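If you read the sequences in order, they're chains P and W. FYI, our numbering numbers position 136 of the first sequence as 136, with every residue one higher than the one before it. FYI, our numbering numbers position 22 of the second sequence as 22, with every residue one higher than the one before it.
Treat the hints as calculated values from the structure; they're not laboratory data. This one's a predicted model, so the numbers in the text were calculated from it and none came from an experiment. From the three backbone atoms N, C-alpha and C, an ideal C-beta is built for every residue, glycine too. Hints are not guaranteed to be accurate.
Dumping the calculated EDC-like pairs for lysine to aspartate or glutamate here, alpha-carbon to alpha-carbon at most 20 Å [stated by the list, open to error]:
1) Lys150(P) <-> Glu218(P)
2) Lys165(P) <-> Glu117(W)
3) Lys147(W) <-> Glu132(W)
4) Lys47(W) <-> Asp127(W)
5) Lys92(P) <-> Asp196(W)
6) Lys142(P) <-> Glu127(P)
Away from chain P, derived, C-beta distances all over 10 Å, residues of chain W [stated by the list, open to error]:
7) Ile17
8) Leu38
9) Leu45
10) Lys47
11) Ile54
12) Ile82
13) Tyr91
14) Tyr142
15) Val177
16) Ala205
17) Tyr213
18) Asn220
19) Lys224
20) Asn225
21) Tyr226
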Amino acid sequence: MDLELIITSFPKLLSATVVTLKLLSASLFFGLILGLLFAILRLNNNKLVSGFAYVYSYIFRGTPLLVQIFIIYFGLGQIEYLRTTFLWVVLKEPYWCAIIAFSLNTGAYTSEILRSAFQTIKPGLIEAGKSLGLNKIYIFTKVQVPIAIKQSLPAYGNEIILMLKGTSLASTVTLLDITGVAKFIISTTFRPIEVFIVAGSIYLFITFLVHNLIKYLEKKYRYQ
Amino acid sequence: MDLISFGDKGWGDELFIATLMTIAVAITAMLIGFLFALIFTPLKLSKYKILNLIANFYTTVVRGVPELLVIYLFFFGGSGAIMYVAQIFGYYDYIEINAFLTGAISIGIISGAYSTEVFRGAIQSIDKGQFEACNVLGLKKYVYFFKVIMPQMLRLAIPNLSNVWQITLKDTSLISVTGLVEIMRQSYIAAGSTRDPLFFYSFAALLYLMLTYLSMKLINRLEKNYSRGY
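Take these sequences, add in the hints, and give me the full structure.
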């Protein structure tokens, strides 16, 4: 065991944590929007619309995240037309490619979580809103969404942790997040165990924080 | 279509073999995972706090750390650890463990942590009366576990195990970083030599979708078989 390496690699990995957290928060933000959008589409009565949402979530949940990143980062650059549009500014950056892939991926899982949460809302609550003369948008934002958030908190907490682990794949497209830096240190010092202990502890610490935050929120939003 | 034709010109046969490799790694990893679950599930359910602690440490660490990091640990550290053990027994040559074993073991350890949680949940949700009835009837430990607890546990565990299988199958794509030629690695090679990454990675995605779809169908059949009494 090389204690010195543990001490010297810690600040390097800690500064890489910033990249990981940035990737995580950006993808969770966009993923939540996508998830909500596709959950609504999925619950639409039109078969074509709900079918589209189903295919989206099926494809992104049925393929590995690594393939999705590679398609977006290596694959889309191949289309000549894209290179001429403004999209190329975004797609030539590995950072944005990773965020796009992560958002689409977590969006698919989030849409499933939210869909099942919306489906478990008792119809009586919506009918009560209607009989009070509230309009559709008001019922949606003030009745359905708050209940759905409560319902989906535990599952969404798991999804945050899965996404945190997913951000490690950003290292495959040259980004230096925690795993990227850890791999660099391992391949220059050939001391995998020490680096694994430091990097693993950072990940576990973030997981621990997320776990407790969700627990706190669950308690806060429990039915009285 | 030329690109995926079989033979010298296309990548069809290479990709076919790579798909078989992915399946082989996934099944091996799943079985290694079961082995780990067989060891750690009893520890989780044990009366002794220290054993619980060991099992909880295993499942928490493995499920809280990225799969890629675990793979790097085994990829870079695996042969070093084995050489260290070999040196104790007086063997000083360089030992290299192959990519298949490294991949299967590292994914297996991850899959084992998930399987452990599934089995623990399944055993805990079996009715207490079943255990008591076994004691009252004075059944032998062997009969008790394999004829009474196991069938009920499997019925409850199969839906969740199917999730673990899907995770394991998708995790095998990460082994490509160690150089094992499975779907992802083969697509990477093909994309590099034909300069057509969009096609090959999309094709890889299609192969994975096919695998997850087919395994879903198979597992559904298994699930029906185990819940036929209900």
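Here is how each hint holds up against the structure:
Using a Cα cut-off of 20 Å, the hinted pair lysine 150(P) and glutamate 218(P) holds, with the two alpha carbons roughly 7 Å apart. Proximity of lysine 165(P) to glutamate 117(W) is assessed by CA-CA distance (about 18 Å); at most 20 Å being required, the pair is judged to hold. The hinted pair formed by lysine 147(W) and glutamate 132(W) meets the criterion: a straight-line CA distance of about 15 Å does not exceed 20 Å. Note on lysine 47(W) and aspartate 127(W): the hinted pairing holds, with a Cα-Cα distance of about 19 Å set against a maximum of 20 Å.
With a CA separation close to 17 Å, the supplied pair lysine 92(P) and aspartate 196(W) stays within the 20 Å bound. For the hint linking lysine 142(P) to glutamate 127(P), the alpha-carbon distance of about 14 Å falls within 20 Å, and the restraint holds. For isoleucine 17(W), the non-interface assignment is confirmed: its Cβ lies about 18 Å from the closest Cβ of chain P, beyond the 10 Å cut-off. Distance check on leucine 38(W): its Cβ is at least 25 Å (rounded) from any Cβ of chain P, clearing the 10 Å threshold; non-interface status holds.
The Cβ of leucine 45(W) sits about 22 Å from the closest Cβ of chain P, beyond the 10 Å cut-off, so the non-interface label holds. Residue-level check passed: lysine 47(W) sits 26 Å from the nearest beta carbon of chain P, beyond 10 Å. With a least CB separation of 16 Å from chain P, isoleucine 54(W) remains clear of the 10 Å interface cut-off, as annotated. With a cut of 10 Å on Cβ distances, isoleucine 82(W) stays outside the contact zone with chain P, its closest approach being about 13 Å.
Taking the minimum C-beta to C-beta distance to chain P, about 20 Å, the non-interface status of tyrosine 91(W) holds against the 10 Å cut. With a least beta-carbon separation of about 37 Å from chain P, tyrosine 142(W) lies farther than 10 Å from that chain, consistent with its non-interface assignment. Separation of valine 177(W) from chain P is inadequate, the least Cβ-Cβ distance of about 7 Å not exceeding the 10 Å criterion. With a least beta-carbon separation of about 4 Å from chain P, alanine 205(W) fails to lie farther than 10 Å from that chain, contradicting its non-interface assignment.
For tyrosine 213(W), the shortest C-beta to C-beta distance to chain P comes to about 7 Å, within the 10 Å cut-off, and the non-interface label is violated. Distance to chain P confirms asparagine 220(W) as a non-interface residue, since its nearest Cβ pair spans about 15 Å, more than 10 Å. No Cβ of chain P comes within 10 Å of the Cβ of lysine 224(W); the nearest lies about 22 Å off, and the non-interface call holds. Distance check for asparagine 225(W) against chain P: the nearest CB is about 24 Å away, which clears 10 Å, and the non-interface claim stands.
Here tyrosine 226(W) stays apart from chain P, with its beta-carbon at least about 24 Å from theirs, past the 10 Å limit.
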